[in-house]
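Listed in order, the protein sequences are those of chains A and B. Counting from 19, one number per residue, gives the positions in the first sequence under the numbering used here. Counting from 19, one number per residue, gives the positions in the second sequence under the numbering used here.
Just so you know, the hints here were simulated from the structure itself, not pulled from any lab data. One thing to keep in mind: the hints can contain errors.
As the list claims (entries may be wrong) - Only some residues are given here: those of chain B computed to face chain A with a beta carbon under 8 Å:
hint, residue
1, G41
2, V42
3, P142
4, D146
5, W166
6, W169
Yeah, the Cβ is synthetic: ideal placement off N, Cα and C, and Gly gets one too.
Here are the chains, one letter per residue:
2 protein chains.
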Amino acid sequence: PLLREAGMQSNAVDVVFTGADHGVERGVEQDYQRSLPVAEAMHEDVLLAYEMNGAPLPPQHGYPLRLVVPGWYGMAHVKWLSQVDVAAVSFEGFQMRAYRVRRQPDEDGVPLTRIEPRALLVPPGFPDFMSRTRVVRPGLITVEGRAWSGWAPVRAVEVSVDGGDTWAPTSLEPAPHRWGWARWSWSWEATPGSYVLSARASDMSGRSQPIDQPWNPGGFANNLVQRVPVAVIAAG
Amino acid sequence: PLLREAGMQSNAVDVVFTGADHGVERGVEQDYQRSLPVAEAMHEDVLLAYEMNGAPLPPQHGYPLRLVVPGWYGMAHVKWLSQVDVAAVSFEGFQMRAYRVRRQPDEDGVPLTRIEPRALLVPPGFPDFMSRTRVVRPGLITVEGRAWSGWAPVRAVEVSVDGGDTWAPTSLEPAPHRWGWARWSWSWEATPGSYVLSARASDMSGRSQPIDQPWNPGGFANNLVQRVPVAVIAAG
Numbered sequence: 019p020l021l022r023e024a025g026m027q028s029n030a031v032d033v034v035f036t037g038a039d040h041g042v043e044r045g046v047e048q049d050y051q052r053s054l055p056v057a058e059a060m061h062e063d064v065l066l067a068y069e070m071n072g073a074p075l076p077p078q079h080g081y082p083l084r085l086v087v088p089g090w091y092g093m094a095h096v097k098w099l100s101q102v103d104v105a106a107v108s109f110e111g112f113q114m115r116a117y118r119v120r121r122q123p124d125e126d127g128v129p130l131t132r133i134e135p136r137a138l139l140v141p142p143g144f145p146d147f148m149s150r151t152r153v154v155r156p157g158l159i160t161v162e163g164r165a166w167s168g169w170a171p172v173r174a175v176e177v178s179v180d181g182g183d184t185w186a187p188t189s190l191e192p193a194p195h196r197w198g199w200a201r202w203s204w205s206w207e208a209t210p211g212s213y214v215l216s217a218r219a220s221d222m223s224g225r226s227q228p229i230d231q232p233w234n235p236g237g238f239a240n241n242l243v244q245r246v247p248v249a250v251i252a253a254g
Numbered sequence: 019p020l021l022r023e024a025g026m027q028s029n030a031v032d033v034v035f036t037g038a039d040h041g042v043e044r045g046v047e048q049d050y051q052r053s054l055p056v057a058e059a060m061h062e063d064v065l066l067a068y069e070m071n072g073a074p075l076p077p078q079h080g081y082p083l084r085l086v087v088p089g090w091y092g093m094a095h096v097k098w099l100s101q102v103d104v105a106a107v108s109f110e111g112f113q114m115r116a117y118r119v120r121r122q123p124d125e126d127g128v129p130l131t132r133i134e135p136r137a138l139l140v141p142p143g144f145p146d147f148m149s150r151t152r153v154v155r156p157g158l159i160t161v162e163g164r165a166w167s168g169w170a171p172v173r174a175v176e177v178s179v180d181g182g183d184t185w186a187p188t189s190l191e192p193a194p195h196r197w198g199w200a201r202w203s204w205s206w207e208a209t210p211g212s213y214v215l216s217a218r219a220s221d222m223s224g225r226s227q228p229i230d231q232p233w234n235p236g237g238f239a240n241n242l243v244q245r246v247p248v249a250v251i252a253a254g
């Protein structure tokens, strides 16, 4: 790792990443800065990326250099990196205070770190333009999607056709690599009527998706189960 | 042109393009269909595109084949083309009725066709996160942007720093080709204070951008002048 080659000292606590993204937030003029504890920054999967799919990193992804912290929410993946500092004290910069999950606006809360488990499904059939209801003809439908979690591998994905009242297990494939999306699928014998399709992921850390999302002022870490209204119509 | 090679007959009126985009709109199940009058469809710049920048057309741009009608709004550029028909009578399909500019919801209105003139400017300085006001330090600033029109080449671009009360001419470069964006720039001696920057394009057909946008129920053909709030602060 670069940090080891650079000769990090034993009293190092945090690694501070500074991006060229400059602005004013709540009256404070700043460059975007986020830190990682030394142990996280030294993880073998943490990267400084200068290319993607064999081409230079595009500007919107952080050209020329971007921090990638697999499993963490996007605020940790500092773009347009201009500086990396190793600090012997805990870094308390503006953006370390900004990304916290608070139940009350004035409480201290907890830092946002890894990605909560989540499953999404491919909406079946075709859309009704205004309502976004999906229109499906009756018969055997393969409902499929992907699931992921930054905490631990996905253990199971369940589906519901009644808006979360009852759940059925799906067939889950292993993710192609530790941070990849896991494919899941389920066969649905669709008969005429109105449905709400949902999928719910659980991971090996014991986390799963909520049916009612707890409120937090930043709107962070939302992993409420997806709801897809479906109208199964008579065979056309 | 393909249409000539296909042996179009002399009584042809409209060319109807059908895409694979299937859905329900206002209760009508349909594939997306739009027509062009024969004279427009035969224009030498109208293309069936199967690649872009030397690579196959991406799915989101209409893979495997998409109609491109330079100078027209996007509704004419039918994606995922599945069929091309030549009709001896005027085509009156659903999407021909949908894209019309109406001053009253129940009037017949006029069809949406070519792109109205428009100029955009690169917001100078850096942003205030919440208000999106741009923060600029005093001094000589190059304000620059691009302008285009589907009706005729851009004739002039003017800028305003007082929200449209007064206007100054900019330096305009010719567009790189008939349908390209024309670059424009202007030097601004910025002194501390609050401003609203705008740019306004006029084309050789006599069209220019409005300061107050006439209302229409579809929200089509909006080319209201851009407004960028700027705070010039003391030199930092």
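Hints versus structure:
Evaluation of the B/G41 hint against chain A yields a held restraint, the C-beta minimum of about 5 Å falling below 8 Å. Hint on B/V42 holds. Least Cβ distance to chain A is approximately 4 Å, under the 8 Å limit. Look at B/P142: its Cβ only gets to about 13 Å from chain A, farther than 8 Å, so that hint breaks. With 8 Å as the threshold, the beta carbon of B/D146 comes within range of chain A, its nearest partner Cβ sitting at about 4 Å, so the hint holds.
For B/W166, the interface hint is violated, since its Cβ never comes within 8 Å of a Cβ in chain A; the closest pair sits about 22 Å apart. Among the interface hints, the one on B/W169 is violated; its C-beta lies about 29 Å from the nearest C-beta in chain A, farther than the 8 Å criterion.
The structure shown violates the earlier hints numbered 3, 5 and 6.
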